[in-house]
Amino acid sequence: MLNEEQQMLRDMAAEWVRDRLPVTALRSLYGHDGGGRPDAEGFDPAAWTEMAQMGWTGILVPEAQGGSDFGCRSMGLVLEELGRTLGASPLLSSALVAASALRLGGTEAQQARWLPGIADGSAIGTLAAEEGSQHEREKIALAAMAVGDGWVLNGIKRPVQDGMAATFAIVAARTHGLPGDRDGITLFLVESDTPGLSREALDQIDARRPALFSFDNVTVSADAVLGEVGKGIDLLDSLFDRAAIGLAAEMLGNASQAFDTTLDYLKTRVQFGAVIGSFQALQHRAAEMFGELQLARSAVEAALDAMDANDPALPALASLAKATVGETLHGISSQMVQLHGGIGMTHEHDAGLYLKRARVAAQCYGSTAWHRERWARLNGY
Amino acid sequence: MLHRKAAWLLRETGTGCMAEWDGMEAQSFRQEARAWLRANFPPSLTNAPSIHFVSDRHAAESNADWRLWRERMAEKRWGVPTWEPRYGGAGLSEAQAKIIGQELAAIGGFNPIRSYGTMMLGPTLLEYGSEEQKLEHLPFIATNERRWCQGFSEPGAGSDLASLQTKCIDMGDHWLVNGQKIWTSGADQADWCFALVRTDTSRKQGGISFLLIDMKSEGIETRPIVLISGSTHFCEVFFNDVKVPKGNLVGEVNQGWAIAKRLLQFERNSLSDVKAEITPLAPLAHEYCGTDSMGRIDNPDLRVRMVRNAMRHEAYLATVARLTREAKSGGPSNGVSALKNLWSGIIQERAELLVELMGANGLGWSGEHYTDAEREATRAWLHSKAFSIYGGSYEVQNNITAKRTLDLPA
Ligand SMILES: Cc1cc2nc3c(=O)[nH]c(=O)nc-3n(C[C@H](O)[C@H](O)[C@H](O)COP(=O)(O)OP(=O)(O)OC[C@H]3O[C@@H](n4cnc5c(N)ncnc54)[C@H](O)[C@@H]3O)c2cc1C
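Top line first, the protein sequences correspond to chains A and B. Numbering that gives the first Met the number 0 puts the first residue of the first sequence at 0, with every later residue one more than the last. Numbering that gives the first Met the number 0 puts the first residue of the second sequence at 0, with every later residue one more than the last.
Just so you know, the hints here were simulated from the structure itself, not pulled from any lab data. A hint or two may mislead.
Claimed, not checked - Simulated restraints on C-beta separations:
(1) T370(B) <-> D259(A): 34 to 44 Å
(2) Q30(B) <-> K138(A): 51 to 61 Å
(3) P282(B) <-> I155(A): 19 to 29 Å
(4) T278(B) <-> D307(A): 42 to 52 Å
Glycine included, every Cβ here is placed at the ideal spot set by N, Cα and C.
In isolation and in its complexed conformation, chain A is listed as follows:
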């Protein structure tokens, strides 16, 4: 159940998103050939400013640091509404993932340094942990060497979500051991304009443009370490889980809207002298998708609540949410194309945009397959 404040937040978010970031806003990030426009930033900076003014960037920041501390459930509501129109922004990366990193692992000084900027939108943070094509949390190779009082970082990170927009990143590096070891991973707070750090945009099918970060002797001071040296994996796990839950909320919005749009089409497209929604095969398809959406919503809400409660079952609930909504969105976005027929295959229509975003989201922060396997291990399968 949502409290009154949450209901207001959701309604406000729904209205703003419809108005300010409809699907056409995402479309403007695409070129005519169906790929991301190289000159676009992967999001709308003006809309970002407005989101900050509405306080969304501070939902997880304590009041003392300029936020509202509304909690994860509230953040989930906003992400879900953004997901409905495929609204692209660094909200998840910065206001959920980076904010959580600082709250869970940051010293008072680090929190004071970064959280106010996250809250007012002037700082954009992100997690730079992935390195290869697969999601392998322990296989971090990017090396951090202790030099003098500080550290020197060398290696690459890709894909870094919202990496082109980020003003700082939480970088997972290896301070000892080998890729694959849980021990020896350290998290660093690194500003994007640190000398030696270069960034290149990746042209992805969803027009969001994550980044490839290259670290060439990037020097940071000792106070850049977030949490304990060599013991970063637990915090990293927790950040990935939180990222996966936030993304799951967004995916729930993707799936809900893809379903609604498809349902509308079933009620309007006429073939054989009847609306196609009168054909029983398609009625059953719609009824099944409706059922799947119920499972997805429950799993996502449970995971959001678990974040607020700091529930020890968070890892399993994160995997449940990401895998369940991943499967649901995969099914619904594919059916969105299928049930629209020829027009669903055109770049002009929204179906393809949902399909592309669904594929990217399914892969991000652990694929459906990854989270199934993870859940299996946690539950003794």
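Put chain B with the ligand on the given structure of chain A with help from the hints.
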């Protein structure tokens, strides 16, 4: 009961008659085919994505080796080996054609003559065309010099194709065509179009005719539509007072629906036609996902789904082989609907497994941060979504199977 269920496939399907033609004669033909193909197929085209050459004329014709290969096959007449020589074929038997196909597949080759002409219009004209029409068109299909497009679908007539509205009026010495087609693959590059037009507005199926239209005729405009895969060979076609010679109508006036249904069977048959040699996904999955301590692909869930897909693929190949052996003759029939759904489902799923195993690298649209193979896989996955839409959607094929093959009431 089981017996009866299986009977539909045996009775109705199959690409042709496999007589007991074997032994010595087959052996020597195989030798001959193997030698000729190996000597003439340009090695640079080995395992080339031949579908691009079907859907993109420019890609084909700008490739010198493709042009050479087309010329050689056209001269050899092996693009349509079973057609009679006067229509540009080699007059070979189905069994010989099959051997050519097998030998071609064995060297990673493809048929450069394969086109909408050979897959759809050619076989239809052989059954329904006048001798004049066959002589006018088949030899050019046999050399793949004349590209065709399929003007069937309209904005209001997709699955319900028979509701099409493109008007065709008898002007005495010619036909006058007005209307719009949509989703016409390759219309921007086609020389000719085989179209369904309405010659009688008082009856639905009974008012449709099958017309051959020269795309150079005055009054035709094509507008490309961009697909989600980025391809632009998908068009809207507008007919504005287009004059078509009287002799271009196939069959009788208002009898076009039966011809169209036959053509759709040929289309579905070609869409359920397998390329036997499909690269297995396992080695790539090992490369991208790594292996566990027992040497298994290190992604149990993906591995299970890959195995399921590979097994269905193998069973599908066995099914096609069995049906070909057991089929009587007469070409494809309603049974092909079930096959089209099976095959499109298998290759759609495979396309998706391929991008999935590539992980974050399977999400790229362009740029040097993704390999050619990765970008191609992503776009092929996007394009694969069309397999269950064109040639009659998944749902429409299931309706046909339920009604025509399983005799379920309408
Ligand atoms: C890549 C591509 C290439 C194509 N190339 C050509 C071409 O060259 N020439 C050409 O003429 N056409 C072509 N088509 C068009 C294609 O044949 C049509 O898209 C197809 O017939 C579906 O029609 P539609 O798009 O109008 O969808 P609709 O008929 O509007 O169908 C919408 C949805 O309703 C479902 N549906 C419709 N009727 C029923 C029913 N009775 N029971 C259950 N479900 C039903 C459909 O399966 C579909 O999921 C192409 C399409 C694509 C995607």
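Tested hints:
1. Here the CB-CB span from T370(B) to D259(A) is close to 37 Å, well matched to the stated 34 to 44 Å.
2. Distance hint check: the CB atoms of Q30(B) and K138(A) are about 53 Å apart, consistent with the given range 51 to 61 Å.
3. Between P282(B) and I155(A) the Cβ separation comes to about 25 Å, which falls inside the hinted range of 19 to 29 Å.
4. For the pair T278(B) and D307(A), the supplied restraint of 42 to 52 Å holds, since their beta-carbon distance comes to about 48 Å.
The structure meets every hint from the earlier list without exception.
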